[in-house]
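Chains as they are written, first to last, in our numbering: chain A, 12 to 346; chain B, 12 to 346; chain C, 12 to 346; chain D, 12 to 346.
Note that these hints are calculated values from the structure, not bench results.
Beta carbons are placed, not taken as given, at the ideal position from N, Cα and C, and that holds for glycine.
Some hints could be false.
[To be verified] Here are the computed distance ranges between Cβ atoms for each label pair:
#, chain 1, residue 1, chain 2, residue 2, range
1, B, 133, C, 122, 23 to 31 Å
2, A, 132, D, 311, 31 to 39 Å
3, D, 137, B, 228, 20 to 28 Å
4, D, 310, A, 132, 31 to 39 Å
5, D, 138, A, 337, 28 to 36 Å
6, A, 171, D, 175, 50 to 58 Å
7, A, 132, D, 308, 25 to 33 Å
8, D, 306, C, 39, 18 to 26 Å
9, B, 289, D, 137, 51 to 59 Å
Number of protein chains: 4
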Amino acid sequence: MARYDFASDNTAPATPEALQALIAANQGFTSGYGTDQVTAKAADLVRAMLDADAEVRFVASGTAANALSLAALCRPFEAVLAHEHAHVCTDETGAPGYFGQGLGLVGLPGPSGKIDAAALNEALDQPDVSYHQSPAALSLTNATEYGTVYTHAALKALIQPAKAKGYGVHLDGARLANAAAAGFELTAIKDLGVDILVVGGTKAGMPPTEAVVIFDRQLARRFDARLKQAGQLPSKGRYYAAPFIGMLQDGAFLRHAAHANAMAKRLEALMPFKVRHPVEANGLFVEMDEPTLQRLHAAGWFAYRFLDGTVRFMCSWATTAEAVDTLGETLGRLR
Amino acid sequence: MARYDFASDNTAPATPEALQALIAANQGFTSGYGTDQVTAKAADLVRAMLDADAEVRFVASGTAANALSLAALCRPFEAVLAHEHAHVCTDETGAPGYFGQGLGLVGLPGPSGKIDAAALNEALDQPDVSYHQSPAALSLTNATEYGTVYTHAALKALIQPAKAKGYGVHLDGARLANAAAAGFELTAIKDLGVDILVVGGTKAGMPPTEAVVIFDRQLARRFDARLKQAGQLPSKGRYYAAPFIGMLQDGAFLRHAAHANAMAKRLEALMPFKVRHPVEANGLFVEMDEPTLQRLHAAGWFAYRFLDGTVRFMCSWATTAEAVDTLGETLGRLR
Amino acid sequence: MARYDFASDNTAPATPEALQALIAANQGFTSGYGTDQVTAKAADLVRAMLDADAEVRFVASGTAANALSLAALCRPFEAVLAHEHAHVCTDETGAPGYFGQGLGLVGLPGPSGKIDAAALNEALDQPDVSYHQSPAALSLTNATEYGTVYTHAALKALIQPAKAKGYGVHLDGARLANAAAAGFELTAIKDLGVDILVVGGTKAGMPPTEAVVIFDRQLARRFDARLKQAGQLPSKGRYYAAPFIGMLQDGAFLRHAAHANAMAKRLEALMPFKVRHPVEANGLFVEMDEPTLQRLHAAGWFAYRFLDGTVRFMCSWATTAEAVDTLGETLGRLR
Amino acid sequence: MARYDFASDNTAPATPEALQALIAANQGFTSGYGTDQVTAKAADLVRAMLDADAEVRFVASGTAANALSLAALCRPFEAVLAHEHAHVCTDETGAPGYFGQGLGLVGLPGPSGKIDAAALNEALDQPDVSYHQSPAALSLTNATEYGTVYTHAALKALIQPAKAKGYGVHLDGARLANAAAAGFELTAIKDLGVDILVVGGTKAGMPPTEAVVIFDRQLARRFDARLKQAGQLPSKGRYYAAPFIGMLQDGAFLRHAAHANAMAKRLEALMPFKVRHPVEANGLFVEMDEPTLQRLHAAGWFAYRFLDGTVRFMCSWATTAEAVDTLGETLGRLR
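So here's chain A without its partners, still in its complex pose:
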């Protein structure tokens, strides 16, 4: 009997709050394509969470949310600067280039998933030449792919030079809840210079849904047509919006993320293998050789080898302390 508890934070079911809100929204006739009251209420809650007067849309997938955002910030003969291990660079089958008609991705190095400021500045200093795709946007991720969390100040230091060149800024918040639970102030995002933010619903414990938050209102012009053309303006919008209501109206969004983060910490305390990156959110990345990983799989636990060669363990709202302890025990035996 295979266990996917730690394979990813999208192997979990939806939280009770998200599901109840979806069930509650499932009544009566409504207008379509995001013009309904459920969608309006969810958007208000997102704005309230961010304390920002921004445009909010709900879409079906993080890949689409990110790719559409980058396509809005960048022309095909331009490029996006991102961490070389950012999800948009490594795990989305080239979606930014597909949605953005070949726009380029320039991967930047940096420890534990955070872009190195010097590397960014070097990229920003490259001269514009016609035979390269020069950057037009910066894409950041918080929490990062390696379970670390940027501070407000760290993000500002990266965003400021990009904005100074007139570039757009995208923040991939697939795990924004985990970042917030780790102390990242959501109401401070509006002052960072972010143009488009994706607030992850799926990994936070919802059925598939993501919120696209457009701080730069000029970018919002005809955004619904952009979404519709890309198959991301659902006729029955309430099913993408309702889970956000369930999660945002009483703090479940942060509460569940805090639990996921705590489970990662608990696992860290039990971990007999070397943990490579600081455990600041809901993931652990440990050094484990291949035979050991195979034995872990044989013991029924799925975990994946990640981009930097470590083995990744992800916790979610649904991760139980008991599961953590059982896994810890198993790992102890494998050591």
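With chain A's structure known, arrange chains B, C and D on it following the hints.
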């Protein structure tokens, strides 16, 4: 208090069967990206319904399902033949061209949403010239945009000459349930020459989900990568698959569609305005002048003027006989 | 022995002036990608001809020039308004949609290739809805596909309402020389509100080359990267620029176009078939049944049936009076 | 007075043979879009040179030729394997992704511009996963970007495993003439498994023109429409074809390339800086610090720092022994 009952068949909530299945699927950890058991079971049920050994995928939107299908059948310098009022031509913001990098759409005429065979043959007989996008695929819709239903024989007559030229065939089944409830045999589709079929979940009474059925297995190669790149391979695939289980396992799919069709017939019986197209599925299209439509809106009923100038009334699984009668009464007063 | 004299205005060779300039440019080493002195001089001459301080680029084909211009003015979920028989709509294999990632083309009616102002205004008045590609640009052609010529006032009347809505304007000048020779003032273009103008070299009697003139300098940002990515920034730019030098430095551009226009007038005088459109530039469009056209072909003269069903005869710089007279004689016999 | 002699092999003018053929083609009326006799003759000569019964087209730019070839071999959710410093990866502004709607490029390492076989095999052995763009084509370059030349056997060793997986193969022959002059047998290409070959005209000493050779005839279906849509099917095709006639009909293609290669050898003999890569074709890559390069520029000679940090000197048909000697002398003084 505005009523959207008849504005579209996507204004209704999800059926109890669909929602219960979604709730039932919402437990435990599963593997991601469509590799889970819920998805496997739903795909089996779709195959059983069609009595076909085909590849099945579940995606978030009909626009994406159609556009990805056409992109799989057609290169950018080629075109799709479709009814001039087909959804892919008129209501998807050019999605086929976006997903298909500029592929062309050639609109063909025909009464009540059905492609005129002579017009199709004329299009098929056009010589290939380099300065035009020559056709490579035929897109059909059943039930049609005008609430009519193709017979098996009628579809065969359109498909045969297209296949004879080596072209691909796409069947948009956004309202396939309604066609089936009107007598269109679903198990006969596999012999029609259809390469890709979209089985509509949304309009049939599910939360947003559509099944893409790939009869031509060669087209399925790397289809998951195609979906992922397009933001249509959800990590939590069970939420797109589960509603199909709820609807297919005990016949709710057809049962609800039969109800919707019956409601359309009931409305037809009460309709004081001229009905322009045969009422074979779940929609009515009536001749109504603008002041009357405005008065209908003022009376609280939303209905839209459609492409051919008629006013459209759509019924769904959730349409009640009482609502039909109340609307009929209102219309009687407006006459 | 087939004769292509009147089949198109691109069946002619290059003019002596264009060829001599190309030969003259063919010496010594130069820097690449449009940074050479030949390109600089040609751009100056284009600016002088237009009396405009605009960015000028030279590209290989009219299709690419038009498609790149429209892609610069329009996002994929938006549309270009153009005459329904404009070259971009009918004869470029969907290039605007390819270069513009599926951008839409909305064909407008109008007599003799000129957009009907009422039809344009109706299109401009359509409400923005998410399920349609709403217009973002207007594309005009002068001389038109039917050999007619817009006046400055007529263009202004079409452009003004489009600009009032903030839309971009593209002017396809594949036959701008012929329009100019017919009295269209080139120095007045700069005040019309045109954002991007394509000055046709090929049909004016050059080897393949077109000038892209960008009046709105903001659109010129990174235009070389746009061109390079699209395969339209040639390393040996001088070969695209030189012919313009030959044609512009002493008035050959207009002189040859005036000759072409005069030949069309001469043919009109001899034409035994009904001429459908005013002969204002270098083309004639006549009403001729199919058997007659076949006999014309049998007599060795190529001419094509055009979009409106007429048979088109095009004159060029290389059309001789003798050829016109011989054709006229032949046509007389076929009548 | 700046000298561009060694800056690139596209800074030179066209050869007398190419230009004379262009002049000779510049007479009379012809049919358009590549259906003329000049184009037919040039295609025959290309086939004869390759001893291959292949489809041949002539296009305006190498970037377009390469990008269209890769787009023909690869779908958007797939990738092309190429040397990490191949022109398609580094110097074409992402053109493959633009023409190929986001298709991926996977850069492989290897000394002196040649793909390392082990690295290729490792890439070929990667499992297909939906979240990556899996390879569908291999792109090779001969002569390479570093002036080295693959042998027939070396290419076969790279192509065979790619073909074994069913992948397409593209050969960028921007400097095929130089490779041939270095002993690479052109008539042997047809047995290598190459699907599409680009025969460079521009760098071989022609005005802008490249030949696209399609060995796999199935790929040629509707290729003219593909070209037309991409702005690469010129109405006046003879101007792209004629230079090939001039260069191929009496061996000038190889003769001029042999001269360019000889000039590179001559420069190598005089070179006071360390030459990093074997000088097998027409380029030299030397180790030179920045101050020295600046002094070289100050002395009036343009040369560029290349991708591997060396300074590149390119020779062409027009490079004179005198120029080589003068440059050698200058370099000697800078040492």
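Quiz item: Is it true that residue 289 (chain B) and residue 137 (chain D) lie within 51 to 59 Å of each other by Cβ?
Solution: 55 Å, holds
Quiz item: Using the C-beta atoms of residue 132 (chain A) and residue 308 (chain D), is the stated range 25 to 33 Å upheld?
Solution: 26 Å, holds
Exercise. Mind checking the hinted window 18 to 26 Å against the Cβ distance between residue 306 (chain D) and residue 39 (chain C)?
Key: 24 Å, holds
Quiz item: When you take the CB atoms of residue 138 (chain D) and residue 337 (chain A), is the distance between them in 28 to 36 Å?
Solution: 30 Å, holds
Quiz item: Is the gap between the beta carbons of residue 171 (chain A) and residue 175 (chain D) within 50 to 58 Å?
Solution: 51 Å, holds
Quiz item: Okay, residue 133 (chain B) versus residue 122 (chain C) on CB: inside 23 to 31 Å?
Solution: At 26 Å between Cβs, range holds.
Practice problem: Note whether the CB distance of residue 310 (chain D) and residue 132 (chain A) lies within 31 to 39 Å or breaks it. | Solution: Given about 33 Å between the Cβ atoms, the range holds.
Self-check item: residue 132 (chain A) paired with residue 311 (chain D), Cβ distance criterion 31 to 39 Å
Solution: Hint holds: Cβ distance 34 Å, inside 31 to 39 Å.
Self-check item: Verdict for residue 137 (chain D), residue 228 (chain B) (Cβ pair) under range 20 to 28 Å
Solution: Once the Cβ atoms are compared, 23 Å apart, the range 20 to 28 Å for residue 228 (chain B) and residue 137 (chain D) holds.
Of the numbered hints stated above, none is contradicted by the structure.
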